[in-house]
Every structure is written in structure tokens, then in C-alpha cells.
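Trainee: Position chain B against the provided structure of chain A, taking the given hints into account.
Protein chains: 2
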Amino acid sequence: MKRSDLVQAIKSKKSFLCVGLDTDIDKIPTILKKDTNPILSFNKAVIEATQDLCVAYKPNLAFYESYGSKGLHALEETMNHIPQNIFTIADAKRGDIGNTAEKYAQAYFQQMGFDSVTVAPYMGSDSILPFTKHENKWVILLALTSNKGSQDFQMLKLESGDMLFEEVMQASKNWASPDQLMFVVGATHPEKIGAIRKIAPDNFFLVPGVGAQGGDLEGIASYGLNKDIGLLINSSRGIIYAGSDKPNFQDHIRSAALELQSKMEEILIKRGLV
Amino acid sequence: MKRSDLVQAIKSKKSFLCVGLDTDIDKIPTILKKDTNPILSFNKAVIEATQDLCVAYKPNLAFYESYGSKGLHALEETMNHIPQNIFTIADAKRGDIGNTAEKYAQAYFQQMGFDSVTVAPYMGSDSILPFTKHENKWVILLALTSNKGSQDFQMLKLESGDMLFEEVMQASKNWASPDQLMFVVGATHPEKIGAIRKIAPDNFFLVPGVGAQGGDLEGIASYGLNKDIGLLINSSRGIIYAGSDKPNFQDHIRSAALELQSKMEEILIKRGLV
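Listed in order, the protein sequences are those of chains A and B. Okay, so the first sequence: first residue is 1 according to the numbering used here, each after it adds one. Okay, so the second sequence: first residue is 1 according to the numbering used here, each after it adds one.
Honestly, I wouldn't trust all of these hints.
Any copy will do: because identical chains look the same in the list, a pair fits if it lies in one copy or spans two.
[To be verified] Mimicking DSBU-like on lysine-lysine, the simulated pairs with C-alpha atoms at most 35 Å apart in a straight line are:
#, residue 1, residue 2
1, 133, 33
2, 133, 27
3, 173, 148
4, 133, 34
Just so you know, the hints here were simulated from the structure itself, not pulled from any lab data.
In isolation and in its complexed conformation, chain A is listed as follows (with noise of 0.2 Å):
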């Protein structure tokens, strides 16, 4: 997906929530789980419940693979159901070395149709550049994440004063425009954002950890969005997991998608963005 198209669908929906589809068939509704596929059947109606709220939606990849190659097709089979409109986010936090970096653009772009996927900046550039070879086709590099762990490496100082992650940042700016490349950051540090920003201005930010993991909608907005809105916030658990076990829990997801989308389009208008 192109970056104006992108743009445009969320001034559309009014919205720039992700959702994320972290399917673990024990937290699914009892009467999903005798379904021949009960991951896909979920998906389904998470994504039937939720498609004109949101602008993208992130699986990750661990709940899939958990299942071995039958988590696996089911994921391809939910690409089936996401309409080619939406953003899609392997969230997969790859990173490997030149040749099989491809190999993962390959599985990833081709063989799944992702239109991104998470990266792990660790092994450097040649981990990276590969999946910019693939036209229209995104990678969202860790910089700063949302959990406890984000403070043993990534915010570590280095000795030109920067922490890791600023410096993770400033690099990889060189090595894809902001037409290909955005950056994790995580909701749990809003008090960073405003900083972060200025060391991306015009890269696309997604950002997990709001709702389970504490963080907050109103903080990460107003000093994360830029002209082009440039924010994805993810919400996982919080909506997918809404309706827990009662019977219409299709309408607790959208619910809980609504009130974020809401939200969103409050923050949207407020500032003139739509």
C-alpha cells in the first residue's frame, strides 16, 4: 500500500487504529471452539466487527506459529478475509542476514501479501534493506518498545550522548524514505514521544500498548501526530478479547474498537487533521 492511500483511508474512517489479531484459541468464545478452524473462525469476527473502524490490522506471529503450520494456514487464510483497503502488519520482529532477510520479504510480501512487516534493527543495515526492495511494501523497525526490557539495550547511552534507539532511529532514516519505513514506539513511554518525533518528523510511528499494556490514547496524540496524521496505535487484547465468553461478543469487540476509533476522530477534528 502506498503511503497517500494510507493517509487517505484514515482522514476517511476518521480513525488510525490497529487492530491486533494475537488469536489464542484458550481466550476465544466457547462457541468458536468446536469450528473446524476455530483461529480463522474468530478472525472472521473480529474483522466483520471491526473493518470500518479501523485502517490496519496486525497479527503476531507467535500465536500462529504457536500452533505450528496449521496456525500458519489459518493466518493465510485470514489475509483471505481482510479487505485489500486495510493495512496489514506481519508483526514478526524478524532480522537476519542479507540472503535470508529476502527470504523473510518473500514469505512475508509474496507468499502471505502482507503490506509490512515488523523488523529488529539489531543485525544492522543488510537485515534490513532487503524488504525496501519490495515496491509499495513497508518495514516497521523496532526503535523504542513497550515493555519493562526496552530499558536493558535500547535506551542504554552510547558514547556520542544519544541513546540506542535515537541513534537505531537516525540511521535507519538513511537507509529508507518515510514512504517505506516506520518505527515502533511504544505507548508506555508518551512522556518520549514529542522527542521522538522530532528525530522522525515525517515517519509513520505504530504504536502498541495501548489498552493492556497502560498506555494513553490523548498523551501519545498530541505529541505524536504530524501532518499526515503519521500515527498507528495498535490495540490488541483490549478489543479482540472485549466480549470475552458471552454469547454476542461480537458486539463488546466493536464496542471497544468504537470507543477507541471515537476517540481518534475527537483528537482528529480538534486539530483540524480531517
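Mentor: Using the frame of chain A, we list chain B on its own:
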């Protein structure tokens, strides 16, 4: 697999060779391409030709994922053909927040039965610890990788004076014992292996990059061996494609593995380690 069993296997086979099962359908012998499952056929042929010469197999997940769920299924079937007494490494370079890292642990340790998984350190302790909760299973943490991009971040100088990969090794030593934690140290940095061994005297190092990537076996061994051997040296392309499209391709694969194993045997004897 327990550390003592791995050390015993190395001593009895006089080999610390790991064979990388990075199977690419475009590169396997034509004769196998018409099989129902060419990836599995090729892997079985490689295993048959090398299982008495190596102590570990390391499939890189990217190669399997590039064929989607069918590729992952071929990997699951391959796992059924690896003898129980050979150490298995899921070269996946995963790394995610705690609850997700646990899903990856389930995927590789339980669902697919691997002994170990390679993990990227960028997300810190809570992305690594879930793997260590599984008894007799291993985390193999990226420290200094074999690719050119290892210079971009891994070798950055920190305020403390250490390089990032050194800090990764020092910090992670507190998170798991050498019975469950290995480090990836690229063969393309033989000049650094002595200093790296000092940081982690007791941990096994998984050393990729011998062969196709140009690493030097003797140099690595002379600086990297410890009293329990402490090295697994990987070769992928240099072994598995040694027979290219020849009808007797298995003989060539065996010869390539035997050449490395013989050198290892010589080194182990010279050093009095067997």
C-alpha cells in the same frame, strides 16, 4: 537436551559441527524437485549423509516461511527425521514482549520439538526469560553476528566503554546459566573471539559464517574452545549445496561435512579435548 549430553555427543563424534538446513527449492537437485515434498526429500538426504558427522542441525526459519504454511509443515516433518541425540536449533532470531515470547517458546520447544531457539536481544530481559523457563531447552542469543551490518549497532561504543554486544553478553549472563544460554558469535570476527571468550568463559558459542561467508575454522577454534569444547560451528550452504545438481549429490554433501569434521577431530585431539 542437557549440556552434559551435548558435550558427550561432541566428544564421542569428535565433532562440533552444526549443519544449517537452509533449504531453498531453487537450489536442490533437479531429481528431487518432482517429489511431493521436495524440501523434506532434500532434508532427509542431507540428514542421512551427515548425521554421524555433526552434533546439531540448524534450520533457518526464513527458508521455510518463504513457502508459507506448507514450508513450515515440511520443517515439522523434517524434525521427525532428526535423531533424538542430535541437538536442534530453530534459527528464528525471535524476540517479543513476555506473553508473546512465551508463545514463541511454545512454538519451537513444544509444538516443533526443538532443543533451542536463536533470539535477538533488542527487546531486553522479558523477551528472553520466557525461553529459559523450559527445562533442558536453550536460548541462543545474538551477540556479534557474522554480517556486515553487525557494525551498525552491535559494535557501537557505549558510554560505559563497552560495545553493545559486550553489554548484551554481560547483562544476559545474569538471566540464564550456561546450561541454557549460548551466544551467536560470527565466524567473520575471529580476531575478537578470544576477548569474547573472556566475557563468557563457560557458555557455548554458536558460530555461523564458516564456509560461504568466509570464516576461518582454525582461528575460531584456537581462541574459542573452552574445557567443555564450548563451540558449535555451523556451515549451511557450504555443505548442503556441495553436490549441486550432481546425481551423487549426497556423496558430495558427506564429503563437505567430513572435511570439516576431520579438521575438528584433529583440533580436538591436538588440544587433548578428546
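Trainee: Looking back at the numbered hints, which does the structure fail to meet, lowest number first?
Mentor: none
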